[in-house]
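S.K.: For chain Y, the structure is supplied; the task is to place chain D on it using the hints.
Number of protein chains: 2
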Amino acid sequence: MSEILVVGSLAYDGVETPAGKVDRALGGSANYFSLAASLFAGVRVVGVVGEDYAVEDENLLKSRNVDLSGLERVAGKTFFWKGKYEGDLNEAITLTTELNVFESFNPKLPEKFRDSNFVFLANIAPELQLQVLEQVKQPKFVGMDTMNFWISSKKESLLKILSRVDVVLINEKEAQMLTGASNAISAAPKITEMGPRAVVIKRGEYGFALYTKDEGFHILPAMPIPEVIDPTGAGDTFAGGFFGHLARLDKVPSAADMRDACVAGTLLASFTIQDFSVKSLSKVTLDDVRLRSRDYLKVIGR
Amino acid sequence: MSEILVVGSLAYDGVETPAGKVDRALGGSANYFSLAASLFAGVRVVGVVGEDYAVEDENLLKSRNVDLSGLERVAGKTFFWKGKYEGDLNEAITLTTELNVFESFNPKLPEKFRDSNFVFLANIAPELQLQVLEQVKQPKFVGMDTMNFWISSKKESLLKILSRVDVVLINEKEAQMLTGASNAISAAPKITEMGPRAVVIKRGEYGFALYTKDEGFHILPAMPIPEVIDPTGAGDTFAGGFFGHLARLDKVPSAADMRDACVAGTLLASFTIQDFSVKSLSKVTLDDVRLRSRDYLKVIGR
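Protein chains in written order, with our numbering: chain Y, 1 to 302; chain D, 1 to 302.
In isolation and in its complexed conformation, chain Y is listed as follows:
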């Protein structure tokens, strides 16, 4: 079993959905990712928090044996995001983004993190993604996420980091924006032309479309969940399940491995959306995942 290095945000979120609201709850890509991935493999976090970041929130990851020696605590406030979901739970409307301590984030890897085999560069500025990747000696498998803001404002740096990763996990609309394609199916092969050998298009309640240069498309639905409470973090949870599965296999992933990893991702994400923040995800056990996996395989007819 290999360990996974993740760089991303540790944050507080204010979220409003048709099911209710939270004013300030634990969030951030690195938190969702680590909680999901640590069910399957060891996780190492690189990130930054402010003085207000609660010790119990750090302890949550520690209780999952996540290595936080790459987590800096600096003067100032923790990254804060506020958003809401209206009719369409597949898309958040951002109300506030306070970068705070993230503004001057200058990621430095502890020496012992430099041998990481699996690396996930969550959705942060492409220059920071590159800076982290350059500190890793010889990774086996590197993945990244990105978002509309970087696609429109940092296209050049984004293309540079894209050319150096093995897989991109990206939202459907952002995949279209990145490529100019009108749908996910024509976007995916265009993204592999930018470098990665695989792309996972995250489709919210509709599941995922994996495209690999070797094997073409593999498309499956999401687990059917009647009552979605809060979709925040579902994509990062997906990435955590995906990387967790692959790191447990501890080899250069084949297309078939990535197919199974996507299923792990979609299963984990289905827990995240059942409550606000990390409330549901932080309680999930491997037995819960196994049970849900059985239900899911029935849904897709296997």
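In short, the hints are calculated from the structure, not lab data.
Everything numeric in this text was worked out from a predicted model, so none of it was measured.
Zero decoy hints are in this set.
Covered stretches of chain Y, going by a simulated chain D footprint (3 or more residues, C-beta under 8 Å): (1) 198-207; (2) 222-230; (3) 291-302.
The beta carbon of each residue, even a glycine, is placed where N, CA and C say it ideally should be.
M.R.: Here is chain D on its own, set in the frame of chain Y:
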């Protein structure tokens, strides 16, 4: 093999999509349905056209051995629909609906149609759907479609016909509108409470969600098609493939039969969207379907 009775529109459509436009091309639910279903089973059409309906358009169905003895030709013009698709190909924007001869349509079944075992009531006024169903002696399996217009203007008649069918095939947004549910997963069981033992939620480019009282959800994606030319008729084509498959089996369908029927529907629909009007669908052979089926099963990992 049983024969399928379908009542629906035979029409001309003006359609504009990002890929181009047609001013007046063959359309209508009964045409798409019949072209798809007749690949698998015999089809009997009940409908009405005006004096302007081209003989070659009638001959297209005849060339597929579709029984048109329930097709009336009356004074006046054929049903005409004009619509366009902008960014979102999953949803048409209606520009014009000219009911024309459909306005006074009073469906009467030829005596020889009354023994039909499989019946599909395409998207027409619920009173007309009921009127047709009442003329069928003892159908084995009845399905229907509907749309937002009938849900808002004819709810009472709609609930009456809903209580008498075995399966509803309905668009995702319309399923939500009918039930007040916020997503397809919570809408589907609510629709079965209205009578049908099965619901197929049509999700456009995302495929379908079948829900049966016996077996719960069965969800699969659509066939990945990079260049969608015109999605018009995809839902009716789906219904045609679905019913064609079931009529070929010629028994009261089980949940497993309906799962396979949905795959047949999604495969047929994938041809329809590859060109305007019925241009692509009308050329499809069973061999084409078999080839595409192989590709599809690979996509979903079987």
